[in-house]
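Protein chains in written order, with the UniProt record's numbering: chain W, 1 to 274; chain Z, 1 to 274.
Treat the hints with caution; some may be incorrect.
Identical chains blur together in the list; that is why a pair holds if it fits in one copy or across any two.
Lysine to any residue pairs mimicking SDA-like chemistry, simulated, CA-CA at most 20 Å apart [unchecked claim]:
hint, residue 1, residue 2
1, Lys71, Glu155
2, Lys71, Val266
3, Lys84, Glu224
4, Lys71, Leu230
5, Lys129, Asp184
6, Lys270, Gln94
7, Lys71, Arg157
8, Lys84, Thr125
9, Lys129, Glu224
It is worth saying that the hints were derived from the structure and are not from the lab. Note that the structure is predicted; figures quoted are calculated from it, not measured.
2 protein chains.
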Amino acid sequence: MFGRPRQDGDGPMANQYERISTDLRQQIASGELAPGEKLPAESQLAKHYDVSVPTVRQGVGVLQAEGLVEKQHGRGTFVRRQPKKVTRSNERHQWEKDRARQPEDIRKSTGATEHDTGLTVDDLTFRAKYDTVPASADLAAEFGVPEGTDLLRREYRTAYSQERHPFNLVRSYLPLDLVSANPDLLREDREPWPGGTQNQLHTLGIELDRIVETFRARPPTPEEAEELGLPVGVAVVLLRKTSYDTTDRVVEVSDVTLPGDRTEMVYTTKLERW
Amino acid sequence: MFGRPRQDGDGPMANQYERISTDLRQQIASGELAPGEKLPAESQLAKHYDVSVPTVRQGVGVLQAEGLVEKQHGRGTFVRRQPKKVTRSNERHQWEKDRARQPEDIRKSTGATEHDTGLTVDDLTFRAKYDTVPASADLAAEFGVPEGTDLLRREYRTAYSQERHPFNLVRSYLPLDLVSANPDLLREDREPWPGGTQNQLHTLGIELDRIVETFRARPPTPEEAEELGLPVGVAVVLLRKTSYDTTDRVVEVSDVTLPGDRTEMVYTTKLERW
DNA sequence: GAGTGGTCTAGACCACTGT
DNA sequence: CAGTGGTCTAGACCACTCC
């Protein structure tokens, strides 16, 4: 048993599966295969390219890893549509700070996410879950408290109403003894809280001085892929947001998980004048 | 021909390849398989797990996509070491601005990348290439100039001296008529320029007001994977840096490609006091 | 030359989707 | 039920690395 002999049209050192992925990639780029369109069945492609089915699968797998196609078991393989983009800007922080002291009716109208995305509250679905957890070594170091200190953990998922999967996962942590001064802050049924976290902190007499965001990109763990509905070959962006108050104390830490292919982040750095 | 019967130890709905990837993943997490260590040969694993070699390959492929192992043709499969992290902070911009007016001997000692990484000039290798290109529609829109306007394009690659692949690729664009006032700025043999772009602009009487950085993450194209030496299953971060001068004019645009798994970005947003 | 992963074949049966 | 992708077998030969 050996492979089919190389043919003249193969080009220099082209594998069979690369020949297939290159050809299909070109068809997608040219629009010959339009977004949302179904590719021919693997058995058809095998006949067309004169190779075995596993070889077709290898070729299509390359495109899948590049995020160009999406396989759906029992239905077929489809050219991916570019999902709706979500922009996240660091100007949201100052915007939210300005809002934090406004009256409730103004705060209620729009949240920071709507500000970023330009959508209304109705376009988004929002789920919150509160609980209390002991600080891990990592979080204890961020807050500068002993390991095991009680933290209020709040989990948020935000999605477009019309889409199945959320476009972000947020885990926000606050020291429990800090927030328990206002019992309303412990009630998840008060979410979404008009004015967001900065207003919540304002009810405790806390003013933020600066926000530090650290992030990196990596392939999703199996759990993250499941949760965010990520096809193979899409990265996640992990963002840790640390909020400092005017006494230089860390008052909130948020871990945000974002799908890398649909999130665009914009950061503006203002420079001091000469 | 059919698969081996399911055994009691398989757990609920465990595929063979998932059983293998789960087991190996756990061994890596526990340190039983240490970073840099070689996994048993695929034929060995096939014997050990009592499956065929392609099934082992499928299982190991999962770990490869997660960035946990790296295959090396002819040598074996190895547990990936976490590569040296590179931190990129937005404080580099203010730092570079402060330096831009310093005398040359101070500017020469350290660049912004060394500032970020904490390394010395000797630890890094640096390559620059200059040419002139007509503005694409995209770049013309950024600069607010007609499409086709001449731009000076500068390509930079920075690497650790001891590593084979660069940890970033930078393509920087400047309007040609802006920089031609100082002929030295057109000479690639003057790189690395002490004090960086902000000093170069300073020689033209330009002061920066703010820098806007936009980025997203996606799987690498085949070319990027090749260039940055990325194994399968590592994302790239694409960053576009746009510099505005004090007259609100765009004076530089840089496109930066970074390996997502070894770059950590830190952005600080200072908030106005109440 | 021995050992390794890379490509490929030609099938089999299973699981899921839609008619 | 037909059609699709998902899993898996049991091999073959090729290409690369290292001794």
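Hint by hint, here is what the structure shows:
Proximity of Lys71 to Glu155 under the C-alpha cut-off of 20 Å is found in neither arrangement, the shortest distances being 30 Å within a copy and 37 Å between copies. Proximity of Lys71 to Val266 under the C-alpha cut-off of 20 Å is found in neither arrangement, the shortest distances being 31 Å within a copy and 36 Å between copies. Within a single copy, Lys84 and Glu224 get their C-alpha atoms as close as 19 Å, which meets the 20 Å cut-off; across copies the closest is 25 Å, which misses it. Taking identical chains as interchangeable, the C-alpha atoms of Lys71 and Leu230 lie at most 20 Å apart only when both belong to the same chain, with a minimum of 12 Å there against 24 Å between chains.
In this assembly of identical chains, Lys129 and Asp184 lie within 20 Å of each other by CA distance solely inside one copy; the values are 14 Å within and 60 Å between copies. Taking the closest pair of Cα atoms, Lys270 and Gln94 come within 20 Å of each other both inside a single copy (13 Å) and across two copies (8 Å). Within a single copy, Lys71 and Arg157 get their C-alpha atoms no closer than 25 Å, and across copies no closer than 36 Å, so neither meets the 20 Å cut-off. Taking the shortest Cα distances, Lys84 and Thr125 sit within 20 Å of each other inside one copy (15 Å), while across copies they are farther apart (40 Å).
For the homomeric pair Lys129 and Glu224, the shortest alpha-carbon distance inside one copy (18 Å) is at most 20 Å, but the shortest distance between copies (40 Å) is not.
When held up to the earlier numbered hints, the structure conflicts with 1, 2, 7 and fits the remainder.
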